[in-house]
Structure formats: C-alpha cells, structure tokens
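Number of protein chains: 2
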Amino acid sequence: MTDTLRLGIAGLGTVGTGVVKIVQRHAELLSRRCGRPIAITAISARSRDKDRGVNLRHYAWEDDPVVLARRPDVDVFVELMGGADGPAKAATEAAIAAGKHVVTANKAMLAHHGQALAEAAEAAGVNLRFEAAVAGGIPVVKALTEGLAGNAVTRVMGVMNGTCNYILTRMDDAGLTYEEAFAEADGLGYVEADPELDVGGIDAGHKLALLASIAFGTRVSFDDMKLEGIGKVSIDDIRRAGDLGYKIKLLGVAQMTGRGLEQRMTPCLVPSASPLGQLVGGTNMVVIEGDAVEQIVLRGPGAGEGPTASAVMGDVCDIVRGMKLPVFGQPAETLAPAPPANAESPACFYLRLELVDKPGALAKVATVLGENGISIDRMRQYDHPGAHAPVLIVTHKTARPNLDAALSALPGTGVLTGAPVALRIEEV
Amino acid sequence: MTDTLRLGIAGLGTVGTGVVKIVQRHAELLSRRCGRPIAITAISARSRDKDRGVNLRHYAWEDDPVVLARRPDVDVFVELMGGADGPAKAATEAAIAAGKHVVTANKAMLAHHGQALAEAAEAAGVNLRFEAAVAGGIPVVKALTEGLAGNAVTRVMGVMNGTCNYILTRMDDAGLTYEEAFAEADGLGYVEADPELDVGGIDAGHKLALLASIAFGTRVSFDDMKLEGIGKVSIDDIRRAGDLGYKIKLLGVAQMTGRGLEQRMTPCLVPSASPLGQLVGGTNMVVIEGDAVEQIVLRGPGAGEGPTASAVMGDVCDIVRGMKLPVFGQPAETLAPAPPANAESPACFYLRLELVDKPGALAKVATVLGENGISIDRMRQYDHPGAHAPVLIVTHKTARPNLDAALSALPGTGVLTGAPVALRIEEV
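These protein sequence lines map, in sequence, to chains A and B.
The opening position of the first sequence corresponds to residue 1 in our numbering, with each subsequent residue numbered one higher.
The opening position of the second sequence corresponds to residue 1 in our numbering, with each subsequent residue numbered one higher.
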C-alpha cells in the first residue's frame, strides 16, 4: 500500500494551482492520512509559460488534455478546465475509457452530461467525483451522498452563487442599485465572463441539479429547472422585504412532490433571522432536510483557490483510501427519469403593487385576489409623496396558478401604475 | 454483491429504536444506495418487554450484548448502550475480536478508550465508526476526516451540548436565572441523569476530544481538556455581554499551538452576529477551520431519535459500501501523543467587577490591570442604585497568565465587593 497515487491535472487556473499547492505543501500529511503518497505526474493547461507562483518543473507537460487523461502514469485525472463540452468532456471520456478515476469541479459538464458520464464511469469501474463542483469548499456532496444516506431527503435548498449573494448583500447594506452592485462585483473579478452564468442563476442551477439527482435518485435534469436570475430584484423590494422581516436571496430549492420533481433557482424571500437570511457576502449555504435528520445547514466559502482545491483533494483522498461509490449515490442505471412538477408547490407570496392614489383602488386589488382564491395575511401601504401608492401584500399559502391568474387580471383593474412584483416566500 | 449486511443492535433506547425504524422504513432505498440489503438480525437491551412502538419480533434476542457482538449472523455490531466502560466496552471489544465492524454513538467510551479500541479495530481489519457520537445528526466526523482531508486543520470549535445551549438561550430570551432555566430543561427531559455530564461540559468535552484527535492527528486526550460548565454563568453576564454585542456559549475550542494542543470546553463570549452567536435552543454547531478551506460551519440537531439514528445509518451505509478508514483518520499507531498546551492562547477577555462606589476605586482596578500588562479596549460603568458600581471591561488581547495574576491581585485593592467574573472572548 505504499504505491504512489499519481494525479494528472488538466487546467491550471485558480483551482488547479490550489491543488498543486496542497499536494506540494501537505505531502507527508496526505500520505499519513491516505496510507499512500499522492503525487502529480503530468499537467496540461492553456499556457505553458504563465507564472502561476508554483514550481511545475517536475511534472510532465501535455498540450492536449485528452492525451494527458490517457497517460499510463496517471491514476486519477483531475479535470479543472470547465465548460460543458469541448476538451473537458473529451478528456473526461478519454480518462474513463482508459480506466482512470476522474475528479472534476465542472458543474456545467455534469449538469448536461452527468447521466452518460456516470454510466460510463460505473461501467468502467472507476470513480467520477465532483465535490468541488457544488458550493466550493463545503463538503455537501459527501454529506448528502454518504452522511445522510439513511434519509429519504425531503428538500434541498441552497444559496450557491456567491456573486449573486454578494450583489444582493451590497444592495441591502449599502443601498446600491442592482446595476451599481453588479459593477462593483465585476470590478472585484467576481463575475464570470458570461455574466448570465452568475446573475441568471445558471451556475447555481447546475449545482442544484446535481444535488437533486443525489437527493431524489433521479437523473440530472437541468433543462427542467425553473431559472430566474436576480436582474429584476430592485432595491425597493429589498427594503420592503426587510421591513416585513425578510431577506431576498437567489435560492435554489429542489423537492419531490406529488406533482413530480420541483427544481427552482429563483429570487425568494426568506426570514431575516433564519440561517439563510443571515448569510451575507460571497459565502454559500446549503440546507438539507431528511425524514430522519430533520435539517442540516452547511455554510462555507463557495469559491476561491483554497476552498475549491480543498474539495478536489477531499475527492482525491477518498479515491486513494479505496472508496468506491456510484457517481450520484446509487447506480446510474437505477436513477429514475425526473418527471418535472407541472406547478411549483403552494407558498406565501410577497406582492408589491404601485396603485393610483384614488378611492377604491385597493378594493379593486383585493377583489381580484379574492376572486382567485388568494387570501391576504398582511398588507402595508406606505406614505407616498406622489400620485402612486406603494402597497405590500403578504398572502396566505397560495397555489401558483391562482397567483398567476391574479397577476394576469390585476392590470385589468386599471388601478396599477406599474407591473406588479411577486416573489415567493420560502419556508425555511 | 446482494448478500445482506446483518446488523446486531445493542441498546434500544431512543437512538436504537430510531435505527430500527430507518432500517424497516427504508429497506428498498438503503439497498439501492448501498448495493446490498441491510437487515437487523439480533438485538439486545435492558428490557425485553418494553413497548418501543416498533415490531422487534423477527429479530433474535440476546440478554448479553457481548454474546450479541459475537453472533455469527452479525456483520456489524451497533453499540447504542452508552457508558465509558462496562457492557458497552466489553461488547465493543468482543465484536472487534470476532472480526465485526462496530458503529457506536458512545462518546464517553471513545473519549476514554479511543486509542486502545482504534488500535484493536485496525489490527483486526474492521471499521469502528462513531458519527453519532458527535453533534447528533450533523455529519461532522465525516466532513473532518474525509471531506477536509486535504487541509491542515487550524481550529475546531463547537457548541455541542444542546441542553447547555437551551439553558443559555432561555436565560437570554426569557430572563430566567440559571436555576430556573435548568429546571425547565430538566422538566422537558433534556438533562442527563447525571446533570454534570451536560452542564459541567463533560459530554461536550468528550465530543471535542474526538474531533481534536482527527483534526490534529493526536491521541484522544480528554483528561487534558480544560472543562468549565455553565453553572456560574449569571443572567447579569448574559445581559451585559449582550449590551456589548456578544452571546455567551458553552464553546469547545481545539487548536494546535506552539505551546501544544489546546482543548477547552468553557463558557465564552462570541459576537452576536456570528453563526455561533446566532445559534439558539438545542441545535448544535461545529466550525472547522483549515489552511485551504478557510472556514466551514455545520449546523443541525445535536440529539434526538431521528437525527442520531441518521448518523448511525450513515456509518452503516459506509460500511456496506465497502469503505475502510482508520478510526481517527490515520492509523492509530501513527497518532501522536498530544502534549497539552501549558497555557491557553491569548485572547480578549470580558471582565465584570462590582466596585465600592468611592472615588479612586476604578483607578485602583486600572492600576492592577496595567501592572499586569493588560490594556483596556472598552469600559462601561452602569447606573447603580446602591453602593456597588457594576463595571464592565473588555481587554485587548491578553495572555492568560497575566489575566490570572490580575485576578489574584484585584481583591487586594479593597475596592471589589464580590469576586470578579472573567470570560474569554473567542474570535470566530
């Protein structure tokens, strides 16, 4: 058991460099913990000459990650290039075909090709592990797949895009508009080259789709996820929600209901005093609910060199220690197709309406809500200098179709001066 | 791989009953996730006839847990009896000697005999797993041993006794005295038969000792832990600390310092806005800090049938899935003796003094602090109807010996009307 486990790393950006640093810094510690030394034998990246602040001289270089993945002196292929398709997928497939274990941080690849890759890996008898793909340094894939394996999971929730949470926090703390907070985050290098990946909820949606697969034993079905970014969240709503005791978060929710699998990544209100409500800045949080464990909350850095490399190394250590697990916690062939829920589960909703300041305006709104079976829990009308009266409504639990019908009917009352805003209040 | 994994369960209290329920309820789910069915073959408990609300008829009964542990039809011995010695230890040793894996929730047994049991288990080539022994349903042993295996852990902190946190929360929320809050917790059945296990910090200290061993690669050394219960925490201190922006928690802290391994389970102040400060009621929280991952926070129910049984089943599933790990994350024989730190690391301290209401009293206190190298960060004197002036002091970072010297010298000033209170402020 003193054979060295040999890593081939493709991709030497922030995370790849972090992995190199850990392997170099902790050689003795890793060997003691894993029972075998871990060494890097070969690397591949876009630029061979870039100074990454680490000594790479002793590693073989490959221009082509596919060639790297097949090298006979590589036992575990560490894929840190990113991208749903292209070289990442080609190299991952090559590694699996060559009988190598794969550790990846690539949520997009797994959200789109998880089923096929899992089937291939399991057929080849190799591990395909992806702790670093979800919520950075938080060992949430492990907690869900292993630690909570005795539970029927009832719901998974998460704030899993640090950039969005940073923007929403800055709007709240500093009173910035969405555009100002976005510009600030961008200036700090927090925003992806394609901003929609962050603020459109796509990146966080990829992560949620992977957790949902493990939680409910279903095939990854990112295409069925309801995605709504934070671009329409206004500073007004953040303030009004705050008055009512809520924070607005880009919240992912996956739950299996009688109507099928519900997967949403949308701006939601959560109680300010809840762990999710208290989460500020770029930190991530995942909440797992199971029939035995009740509720577990995991919090930590969702990105960054050290935390993401920590997650990669956790997977590597599991492989060195001989662990073997199906990719999504049960054999891929037994994962059920995930019938998407045809409607999201009932909830209380936050409504913000701007009404003309005329007698009877509010009565007309209340009538439309009543006609659609929506009852009002709380209502608040604000002082208003002009002719528009801002009105906030928190509904009792309401079926989404009823809400949508009411939202369609409201403009017909002629008393609204703008489009109504409706946000789900998630019970947490 | 369709051989059934057979459990023998010793102890059918809350947790044992919870394990039976999960195995019965989730037979299909567990089999799908683990690749093999899991079944209970034999049980043992104090009373055979007690109605536990579950059907036990199909399981063989043993009066003696040692006999149960040796049964040829048991693959995994599940020890849920408790107690550091006696039947729990005898049966665990018997199981290991008979080549059975062991899953236990017994923190006292491992805190006192962890090294010997780990050596025996590893020599026998069996697993000895104890997720349920630490922080109930939170998969923290797994997170620390496996998920964060790429990190040099720098500090582990935790609120790991729900009873203490419940008492402190009720003192804070409802303004109860310690005695009143204790009586309330006792009435709810939250307090152990020997209350010192809870309020004396012993139970939480056992848990911290186990985490410290994994975190720092040291032998479990519970006897070297600094233990201080919550019995001396007064409602005054809770209120004053609140005024200053802190909560008082029974906080476990383990860290490796230049002076050796520091292990403390003591009442500490933590910022009210931190995750630890926001933790209320019986919920547990563990904070792990590592050189790569920065900080991970895990939160969940620290006790109860479902959560603790969830942790037991997580361990059972790992064993069914073929995982094999050293008990404390590296071979027991490589665990280093833990040289206890001869002094705790420097910290800011909260001091509460009751002074005679005479000119120069405060000057005398300040002089003593200054003479002992303690500088004052903040000071607050409260209105006082009588002749005693309550004074609060927050010090700058201070070495504990200096603090102790000052505390010894203060009564000599003749201006104190009671014993000074000093509580550590932990940076979190």
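A portion of the hints provided could be inaccurate.
Said to hold, decoys possible - Facing chain B, from chain A, some residues (calculated, C-beta under 10 Å):
1) I22
2) V141
3) I288
4) Q295
5) R299
6) T308
7) T413
8) T417
9) A419
10) P420
11) V421
12) A422
These aren't lab readings, by the way, just hints derived from the structure by calculation.
Each residue gets a CB set at the ideal place from its N, CA and C atoms; glycine is no exception.
*Among the hints numbered above, which are violated by the structure, and what are their numbers in rising order?*
Structure breaks hints 7, 8, 9, 10, 11 and 12.
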